[in-house]
Amino acid sequence: MPTQPEVVADRERARMERLEAPTSMGARAAEHAAWVDHALAPARHDDYRTRQTLFKALAETLRAGTAAQQQAAVGRSIAHVSGAPRSSSADPEFEVLRVLRARKLPWTADEVAWMLNATARPDGLLTYFRLTSASVALTAASRLPESDLPLLAPALEKMIASARADGDTADAPKLVARAQALLDQADPVAAEELPAGALADDTFGPAALTHLAEHHDRATVAATLRHLTAYGNAVTPTKKWLTVAAELRGAHPGSVDVCVSVLDLVAVHREAPYQRRQGTHTYTAIGFISGQSAAVVRGAAWVLARDDATDADVATLGRAATRCGTGFGGSGGQARCPQVTSSAVAVLERIATTQPHLATPVVAALSGVLDKVANKSLRTSIGKALDGVAAAAGLTQGQLLERAVPTFELSADGTGQVPAGEHSAVLALEHGPAGAKLVTTWRTPDGKTVKTVPAAVRAQHGDVVAGLKATTAQVKKVAATQRQRLEELLAVQRTWSGDEWAGYYPAHPVVGLYARTLIWQVAPTGNADQWFSGLPTPVDDTWGLVSHDGTVHPVGDTDKVRLWHPIRQPLDDIKGWRAHLTDTGVRQPFKQAFREIYLLTPAEEVTDTYSNRFAAHILRYPQAGALIRGRGWAGQHLGYWDGGYEATATKELGEEGWRAGFDYSLVERDEDGYERVSLAATDQVRFERLANGRWTPQHLRDVPPLVFSEAMRDVDLFVGVTSISSDPTWNDRGTANHRDYWHQASFGDLTESAQMRREALERLLPRTTLAGRVELEKNFLRVHGHLRDYRIHLGSTNILMSPADTYLCIVPARGGKDPKVFLPFEEGGGKLSVILSKAFLLAEDTAITDPSITHQLRNGLT
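In terms of this note's numbering, the sequence shown has 861 at position 861, counting the first letter as 1, and numbering is strictly consecutive.
Since the hints were derived computationally from the structure, they do not count as laboratory data. Any given hint could turn out to be false.
Computed list of lysine to any residue pairs in SDA-like fashion (alpha-carbon distance at most 25 Å, straight line) [unchecked claim]:
#: 1; residue 1: Lys469; residue 2: Ser424
#: 2; residue 1: Lys384; residue 2: His637
#: 3; residue 1: Lys372; residue 2: Thr452
#: 4; residue 1: Lys778; residue 2: Asp727
#: 5; residue 1: Lys240; residue 2: Arg101
#: 6; residue 1: Lys476; residue 2: Gln397
#: 7; residue 1: Lys477; residue 2: Gly632
#: 8; residue 1: Lys469; residue 2: Thr452
Modelling step: build the complete structure from the supplied sequences, incorporating the hints.
See below:
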């Protein structure tokens, strides 16, 4: 009768035979089966802490064993992996692989081939346990004589395919790179071919590989991709990787072009459905790029971090960073591939700090990425990169940004000419309904001006036409970014010397379009406490400021200039500017003269570290989220998942390290079906300051008035625009438990923004045909119609009808015409425009023909 050791030996020999292991491994497993059992058995325990103690003892036993015993333990563990797809790090076999994976053991080629085949599976590596097993097998393969490697080729190819199936696994790219390197050694001729495992079989990889093969030298593509697959997972690669990248550029100059193509491809790539696996289950998901392909793209970005980088490289990196940093569909805080954006941003910073002549285009690229990306952590990374570039240049981030605005070869007044044979394109930057636009007309050889592209130009100078089209799109984007930057300067305690201000603001071809309609202040040299306000105006060969009473104040080169803000101005000056802008028809790019002021309230002095001024409102979350991101705030998305029920949006303001935080939370509704969030509830606003690299909470009384006012103005905007009270149909279809809030917010007290609307109406109404038919009373504009009187709330724009304050529902038409009245701070579509449109409509209520309105008007009158 066999003894217990013999039973154990037979069991292990049979297991290895069943798994088709080499005879040598079966014999070794049988010979040392008792020793391996003795090592593993005590380490099996359900309690984590106890198990960790037992694992330490197991490690000591393993290290003390002979090479043959260690090989038997590794063989048993890999057999366990192969036969147990749900094995985990709680198994002592995992600890065997972890402890012995770097040990130099005398494996043979057929034993290593078996280890590779036993680990790799068609459906992927699936678990970290199997990834560790693959690493053990690849390490053993790397120590074999090069003459043995051809025997491993089929197993290595199987390993690459298995790792590719795990494209979303962080360690898969490393395994692919290691296996591909060994495969190249095994077959030097095949090394000249494109590595099939370089790019994952995802929505990006196959098409990208085909494009590269068709447009570049195959040997160069092969060499480049082999290096890119070795990139790893960090934001920055290792020094060794960068050294090899430099060698690659020297041996294959075309490798840079290959990397540019990779980045260009990802910059235009679109997300698409694909099959994704989680554990042993597969399902259809919307995907952009897998982790394995992302590693290749990140490597491509770092190949461009060379000493002779170009403006074109910078633009390429910026486009790729923007595409990967924005959410599906081009918006949202869930970035398509944040890893690529992080690496591209790091490369841009490296280029700017090592090649100062490229600092300006780098800053333009980074600011463009920052303008589009909403992801909170990415925005922080981009901000740090800008700070790094600024520090290298000896400037603040704000100074750097204003120096990096392109001129597009336009003159100071925003005009220019581009020759096209005997014709010329005449360019003029102008205000448009949707922002700044570059208007192009054409001058013919006989001096005539035409609006359309002449046929001769289109036929003979298509490159000029295409270039102008691209420039027009770029100017529009840059102008929108500069408008936002100018508005953010209102929170900054900043001054410029007169010569700096003139060059970067009124005399700049793009920025000047907006800067010349803003109010600035100048303090003459030697009189820093005396500030004169005015709009920029040319004075001889320089610039000055003309006040609302017509007084001109020249701006000397050494004078100090700052942006005007009503919070630090006397009331007479504020009223003077509001009257002047209304009388002269000057429309500012954003509210400045009519800007709301938010001062600390007694209630906020009591709460001390937070404000409840805008708490307990119910917002339409999709609109609120979009507006929050559009105003430069970054925060988590709300959703029906763990951690998705509460969020905080934050925004840095000023240049002295201040940050505001706005809390909001999910409002559960049955209508949501636990999928898309429709409503959110507002909560507190808090302020923090950056000190020693950490954000620390601050007392409200210590927040600079400009910072406090600008942050609270944004939150007021979020509430005023997206509250359910702004939806005139909510009363009929809204959830019952929010109707009380809807009535209170629809007809309650006015916020600062609504009070500003009231003041604007006081100035505007006497100039209209409504004079004598309307009057302002507390929170409403009363309109005297022919059928009834109507009260339009100045906050929500909702309407009550006499005699019993019956609610009147009027939904503003999308794209409707604005009232024929000059609005000093709206292009249209804002609440001031809506109020005036409703007032004009209701003043002539007998002329209304819309049955949805006339039914409400006449109900109860007869």
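Does serine 424 sit within 25 Å of lysine 469, going by the straight-line distance between their CA atoms? holds (15 Å)
Can you confirm whether the C-alpha distance between lysine 477 and glycine 632 stays at or below 25 Å? holds (16 Å)
Please work out if lysine 384 and histidine 637 have their alpha carbons no farther apart than 25 Å. Holds. Lysine 384 to histidine 637 sits at ~23 Å (cutoff 25 Å).
Could you grab the alpha-carbon distance between lysine 476 and glutamine 397 and see if it respects the 25 Å cut-off? Holds, at about 23 Å.
Does the alpha-carbon distance linking lysine 778 and aspartate 727 stay inside the 25 Å limit? Holds, at about 22 Å.
Does threonine 452 sit within 25 Å of lysine 469, going by the straight-line distance between their CA atoms? Given pair lysine 469, threonine 452 holds - Cα atoms ~13 Å apart, limit 25 Å.
Would you check the hint for lysine 240 and arginine 101, treating anything up to 25 Å between C-alpha atoms as holding? holds (23 Å)
Would the hint linking lysine 372 and threonine 452 be met if the CA-CA limit is 25 Å? violated (32 Å)
The earlier numbered hint that this structure contradicts is number 3, and it is the only one.
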